[in-house]
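Since the structure of chain G is already known, use the hints to place chain D on it.
In order, the protein sequence lines correspond to chains G and D. The opening residue of the first sequence carries number 104 in the numbering used here; numbering runs sequentially from there. The opening residue of the second sequence carries number 135 in the numbering used here; numbering runs sequentially from there.
Wrong hints could be hidden among the right ones.
[As the list claims (entries may be wrong)] Residues from chain D shown here face chain G by an in silico Cβ test under 8 angstroms; the list is partial:
(1) Ala317
(2) Gly329
(3) Ile330
(4) Lys452
Please keep in mind that the hints were generated in silico from the structure rather than gathered at the bench. Cβ coordinates follow ideal geometry from the N, Cα and C atoms, glycine included.
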Amino acid sequence: MAQAAIELKGINKSFGAVRANRDIDIEIPQGTIHGIIGENGAGKSTLMSILYGFYQADSGEIFVKGQKASIHTPNDAIAAGIGMVHQHFMLVENFTVLENIILGAEGASLLNKGIAKARSELQRLEKEYGLEVDPDAVIEELPVGLQQRVEILKALYRGAEILILDEPTGVLTPAEADHLFRILRMLKDQGKTIVLITHKLREIMAVTDNVSVMRQGTIVATRKTASTTVEELAELMVGRRVLLQVEKGKAKPGDFKLSVKNLTVKDGRGVTMVDDVSFDVRAGEIVGIAGVAGNGQSELIEAIAGTRRAESGSVTMKGKPIDVTGTADPAELRKRGLAHVPEDRHHVGLVLPFEENENAILGYHDDPKFLNGAFLNIDAIRSDAREKIEKYDIRPADCRLRTANFSGGNQQKIVLAREMENDPGVLIVGQPTRGVDVGAIEFIHKQLIAMRDRGKAVLLVSVELDEIRSLSDRILVMFDGRVVGERGPDATEGELGLLMAGVEAQEAAE
Amino acid sequence: MDTLVQLLDATIRLSVPLLLACLAGLYSERSGIFDIGLEGKMLAGAFASAAAAAATGSAWIGLGAAIIISGMLALVHGFASITNRGNQIVSGVAVNFIAAGTTIILGQGWFQQGGRTPSLPPAARFGAIDLPGAEAMRDVPVLGPIYSDIISGHSLLVYFAFFMVPFTWWVLFRSRFGLRLRAVGENPAAVDTAGISVTWLRYRAVMITGVLTGFAGTYLALAMNAGFVKDMTAGRGFIALAALIFAKWKPVNAMFACLLFGFLDAFAIRYQGAEFPMIGRVPVQLMQALPYILTVILLAGFIGRAIPPKAGGVAYVKER
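Only chain G is shown next, with the shape it has when bound in the complex:
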């Protein structure tokens, strides 16, 4: 085996009482792609932040190419040849590509020489790795895929031999992700070592040579990718057997519950986000809307749920119109039986500083059963919250805990419990499992299927193609504000991917 590019020995790191990393030992051979997989909060990002000098380990040693390295700041990491592509890009949005690349590596106190050097160096990197990008483009005008490329170039410009990528595909389309994997393989062929952090099993299988699984701050296993399976990795991650494919029977669609006709929605700047969209969702079926984020799905469900004004078009629920261009308001719609799990639980779905029981009734707080005349009936609210905690297995089981202290998956369960338990006729769900652990995903998916089987109409929006495919009875693909195709649940990923990228249906069929 080749020499280890990185070796970590006995790394420990605590944040207060939380032990984020426990006795981590890991060895990453030179010139390989090494995956680190684990649920949210398993400690993957913390470990990599220690390696990049962003945090200090409480104890433990780091060896880079056999040499003991003391990495206290990102500068030390850069000097040791380690580069990092962060999950949230560390780019200055109104700077040009060149300015971003030289930031922190300007060379001299005046910029002209550094810029000139970076420009020629960039051309060399472009030739060597085929990483093309216009050096004078402003970052905010570039698509995310290219922004990520700038991050990779930033690391290479600093002479990185070891590249860490933290959840790199979260913002990419399937095609962009495939392109990224090609780039990573090429970098590997050039002798670079790559560490890929992700919670997506598919990516691990697609691109890595070895994989380490983290759970609750420890490395539970390291495997050769070729000799493991998705099922084994999932079980290692969660600590128990997980059903990756949801079990569901055939849908028994009933009458139309929700009917959308010629809906057009504009955003705050007057740009048309939803363009003449029509579809029906029947009782007892799940209709999934696939698409790359930002193609109008968000605006579509916001308009139906009454949190955004539509420009034109009509929506009817159980045969009665919803005044989407005028006075539709979420409170009234809730009373009529339309529940909405918003895409952004942090900013729209929950008030994070509130206690769990307060969030558990938000929007339903004027229900007489929670009221005592003009006052809230605290006892009724808390006992209701406890029931939901029990039923949805929300952990920790403490209805007085601040909502911010729950994990992403449990926060999502709080929202789902609130919206589902009121027995709505129509459920609109946006990104139900974004930032949610594998174990909780399984639970949430089961709940959604159960809603369907109880004869409810479910409209599901997700950027996770796997989720759309495993849950939906019908799949609509949105691109640039329009519905560009409808497919059955057996549609292949490639077919849907092409539709999502805006390739016309005819071409997709060829």
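Below, chain D alone, put in the same frame as chain G:
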């Protein structure tokens, strides 16, 4: 013609304190630290310069004292908002209160003139400088009065202020420090991960702000006037902030914004109580309110969206 020359000459004089304060604010705000305490730092600087000049008879020592005192207040703001991640508006307001109160108390305690400092002799002030050839040029038509009366004949601090405009532009867009300064105001995490200290960068920006407000205060006390009078900044720090927004945080725009506000001020003083054709007598109060009315109108819509540095007002905390 004479009236116009006088008006423009007064415009220059009145816009300089705004310009110095505005550029001061530019450095701080570009780094992501909002500074509503420009007014207070300017006032403290004015008092310090007048007091030191009165005690020593030297304008230069006055300037030095102003820079030290304004710089210290800037560090207080920096300590509160960078190191302790406090609310930047609250900290700025506190600086304004400290300056307004202590200048009066110390002024009364030291000089017993109702919060004033003694009137300063010319040697303890920054007097007017005649640029070379100003006399010879005087009789040349058009160019003569522009050069001799409008451009020449100001104090050194006026030329310093206008020199700072291209210099600030050059620092901001052509130097490593400027690149990092702009970056830290937009995305401090990007600066941090590039291996640069966010804290030290922001402290340097805040210190520059302190030094420049010291210059602004000195100009008020030792060049525009002959000593310190209580509350002599009269809201100029806030007008400078308005000019900074109006200028979209760009140095050359800032100069024009400050000249515009200076012109309105000069206009209001020149035409106090004057009769206008068609309109008649305009009340003094309305003329005095003109710069403020214009500020509101301009900020309310004429300049389009002024997008502040994205990380402005937010203390930088690493995740978790």
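For the hint on Lys452 (chain D), does the least C-beta distance to chain G fall short of 8 angstroms?
Holds - the Cβ of Lys452 (chain D) comes within 8 angstroms of chain G, reaching about 7 angstroms at its closest.
- Item | Minimum beta-carbon distance criterion (8 angstroms), Ala317 (chain D) to chain G | holds, 5 angstroms
- prompt: Holds or violated: is there a CB of chain G closer than 8 angstroms to the CB of Gly329 (chain D)?
  reply: Holds, about 3 angstroms.
**Asked** Should the interface hint for Ile330 (chain D) be scored as holding, given a Cβ-Cβ cut-off of 8 angstroms against chain G?
**Response** holds, 5 angstroms
Going through the hint list in order, the structure satisfies each hint without exception.
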